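Based on the sequences and whatever the hints tell you, model everything.
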Amino acid sequence: MLKKTLAALAIGSALLSANVMAADYTVDKEGQHAFVDFKISHLGYSFITGTFKDIDGKFSFDAAKPEDSKIEFNVNTSSVFTNNAERDKHIASADFLNASKFAKATFVSTAVKSTGKNAAGKDTADVTGDLTIAGVTKPVVVKATFLGEGKDPWGGYRAGFEGTTNLKRSDFGKQKDLGPSSDAVELYISFEGVKAK
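First residue of the sequence shown: 64, per the numbering used here; consecutive thereafter.
Certain hints may be false.
[Claimed, not checked] Now the in silico label distances, taken between C-beta atoms and shown as ranges:
{"no.": "1", "residue 1": "H96", "residue 2": "D151", "range": "16 to 26 Å"}
{"no.": "2", "residue 1": "K260", "residue 2": "N229", "range": "31 to 41 Å"}
{"no.": "3", "residue 1": "D131", "residue 2": "T169", "range": "13 to 23 Å"}
{"no.": "4", "residue 1": "A259", "residue 2": "K185", "range": "19 to 29 Å"}
{"no.": "5", "residue 1": "S109", "residue 2": "K214", "range": "36 to 46 Å"}
{"no.": "6", "residue 1": "G236", "residue 2": "T145", "range": "15 to 25 Å"}
Calculated directly from the structure, the hints in this document are not laboratory data. Small disclaimer: the values here were computed from a predicted structure and weren't measured. In this text, a Cβ means the ideal position worked out from N, Cα and C, and glycines have one as well.
Next up, the structure:
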């Protein structure tokens, strides 16, 4: 009986230690070390690229147990920037993002699966989550890469990631039809998080 009790305590202690290892981070919005960029075909003749200038988020991460990671990301939809004010206004309108009604686009992870290392030796993972745009939520998979972690010059501790995913505008409600070639959108995400003290 005593052995079973001690074994249970040891297992419980190990589980608690494992949970303590995961650290909480806040995406570095203030330092502008976070980006959500997009690329979409323009009529099949060229591409439009853009970014969102106002994003925030938080995540929990332990390099030794990446499968336990969690992330929440928020994008201010009215902060879209494509270097053309009229186009930005149109993208934010009810034809597309409907930013006046849906001020935020969000991503909340539901699972993380390690996928090995890339050619540069960086750890990679498939991050599955719920993406909500204009009030419509769909599951997506982000191909993520852990870029590194360590102390920064200001006394903090950081961890950085990048990822890509592809989606269809038509999956997120009725949006203005720009032709078949303009339905697919490529997303690139890159961010640093500052560890909570």
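The hints, checked one at a time:
1. H96 to D151: 16 to 26 Å: With Cβ atoms ~23 Å apart, the hint holds.
2. K260 to N229: 31 to 41 Å: Holds: the Cβ-Cβ distance is about 37 Å, inside 31 to 41 Å.
3. D131 to T169: 13 to 23 Å: holds, 21 Å
4. A259 to K185: 19 to 29 Å: 24 Å Cβ-Cβ, so the 19 to 29 Å window holds.
5. S109 to K214: 36 to 46 Å: Holds, at about 43 Å.
6. G236 to T145: 15 to 25 Å: Holds: the Cβ-Cβ distance is about 21 Å, inside 15 to 25 Å.
The structure is consistent with each of the numbered hints, conforming to all of them.
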